[in-house]
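So the chains spell out like this:
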Amino acid sequence: MIRNTKPRSDESPESETVLHPDQDYASISREISEIVLRPASRKWWLGFCLSGLGVLLFIVAAGYLFSAGIGIWGINTTVVWGFAIINYVWWIGIGNAGTLISAMLYLTRQPWRTSINRFAEAMTIFAASIAGLFPILHLGRPELFYWLAPYPSTMGVWPQFRSPLVWDMFAIGTYIIVSVLFWYTGLLPDLATLRDRARSRVAQLIYGAFALGWRGSAAHWKHYEKAYVILAALAVPLVVSVHSVVGYDFATALMPGWRSTIFAPYFVVGAMFSGFAMVIVITITLRAAFKLHVFVTLRHLDAMAKILLAASLIMGYAYGMEAFMAWYGTDADEWRQTVITATGPYASAYWGMLFCNVVVPQLCWSARIRRSIPALLLIAVLVNVGMWLERYVIVVNILSQGLMPSQFRLYFPTVWDWATMLGSFALFLWFFFLFVRFVPMVPMHEVRKLAHELGERL
Amino acid sequence: MNPDPSLLAEFGTAEQLLNAIVRARTAGYRRIEAYAPFAVQGLDEALDLPASRLPRWMLMFGILGGVSAFLLQAYLAAVDYPLNAGGRPYFSWPSFTVLTFEFTVLEAAFAGFFGMLALNGLPRPYHPIFDAADFDRASQDRFFLLLDSGDPAFEPASTRHFLDSLNPVAVTEIGRESG
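Those protein sequence lines, which keep their order, are chains A and B.
1 is the number of the first residue of the first sequence in my numbering; add one for each residue after it.
1 is the number of the first residue of the second sequence in my numbering; add one for each residue after it.
Just chain A, with the same shape it has in the complex (with noise of 0.2 Å):
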């Protein structure tokens, strides 16, 4: 009854399963709800305790910012922004793809959503949660980023609410908060079968209590239902203006090689594409370490694969717009800008950008290689480097060379500028970790519904 079908034979790969056919709803709930409720593997005290080493790293790096200063770091004078703001902004980016991911596919109807919903959105809550930290550790007094909140203060005076900086902060908080609420909704099933499924007893306490007394009765389920989808709709455009405040940051500025209207869409287009590859990395990896190819299959890659190769062209059509426009337009900095970009001191980074972003992502149009996984973890892993370059690129290299030759210097990042970003990198993992003990990875009421859905078109 609730067997799915097989691939039909006059159907493309389209038609392939998304979920493997001999999974019933009882074996959906036990395979899942078993990573969490097992005691932890060996490898996975391992993994925690490596990546907690890092997060201390990341903590001895902030501590010491916080008290000897952002001298600590290699910007200078002419380059203001340096690693903290690469980082921030490809750290929301990254962040930004896993709501919308869960969000966009869920209002299209694609069924192969279910399995990588709930990770993706974990990543989007890891990765925003860390970019969050960027701006207030480059801030140089970190401890009054609360100014930029509207409150009645002695000083009486207010937020500038002209200004990119403080819309970004609350598109920031904003993200995180509806991230979590949705994520969180979505959650509320799946806490309910694991309080039900705990052997222990203070892991039932402890689920039971997150499942907030989720009864999975048909009114709560048509709450459920409104309140997800309506929130889903929700996040779509909200993604869009998180990354499109964040391409503000940039264009209100009156640097040459900033100040254009196509930052906006591009660095939105730009975050679903890093944050696409992120996902890839983190599906391939979380499908190899806990076996996951039941749920996850090769579909669920290839459908993945066709999106990175969308945004890819729309990222070198972006490329090639910035390059046109700066020749075709009259000003003559930005054209200066441009040559400079592609022939200056930071030519290799901008190169290697178009490499990674562009010409190896050309490699997807092949469905050998979308359902090749080492060849996709490659490609997403050269993705998301690629997309680190074009934020050094655009960070560093413009600010370099801005209108005063004067004042053009170079930017050498320090030993904590590096202790920064790979504790960055450390404390995403760590937190994944904790995600994969703690929570089911993998949303149970989703996959029994397509199970349903899939068993009753046979």
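Don't read these hints as lab results, they were simulated from the structure.
These numbers come from a predicted model, not from an experiment.
Computed from the model, here is a short list of chain A residues facing chain B with C-beta under 8 Å:
#: 1; residue: Tyr-25
#: 2; residue: Val-157
#: 3; residue: Gln-160
#: 4; residue: Ala-171
#: 5; residue: Ala-192
#: 6; residue: Trp-214
#: 7; residue: Lys-222
#: 8; residue: Lys-226
#: 9; residue: Ser-241
#: 10; residue: His-452
Just some of the chain B residues that point at chain A, by a computed CB distance under 8 Å:
#: 11; residue: Leu-49
#: 12; residue: Ser-92
#: 13; residue: Leu-106
#: 14; residue: Gly-112
#: 15; residue: Met-116
#: 16; residue: His-127
We treat Cβ as the ideally placed atom computed from N, Cα and C, and that holds for glycine.
Add chain B to chain A, keeping to what the hints say.
Leaving out everything else, chain B in the frame of chain A:
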């Protein structure tokens, strides 16, 4: 207070549950509750549940959030602390639209999340139905139909007979829901 326990029938598939609901409604039962491990299509139609008020709440709170964010910015930037930024007018409304949008979404999302919990009566750590045998499988692989003993059509013996005729996995008694 009706002392009779309510009856809970357990089914293996969503189709059986939907069928049982139709049969129960035809038999005149009105105080029916159904439990499922996922959002079964057609469950709310079968039970004739009223439309959810949640979308209206979200719309209201969204509008409220947007309007208040816009008014706050306009008041602070144009009246309370006018700041000349590059000669732009104090009431430079286009630059206030970003926060207006963000607060629209934020308030609507809060209304959606907390409204969903409120309409579902959550958080509610304990409910009599949790005592029912096998009910822990309602969140895993089983489908349940509850006929409340407060229903005028409820008659312990005949209702049990009726449920047995639906070919359930099991029928159990549970204490009457107190509210």
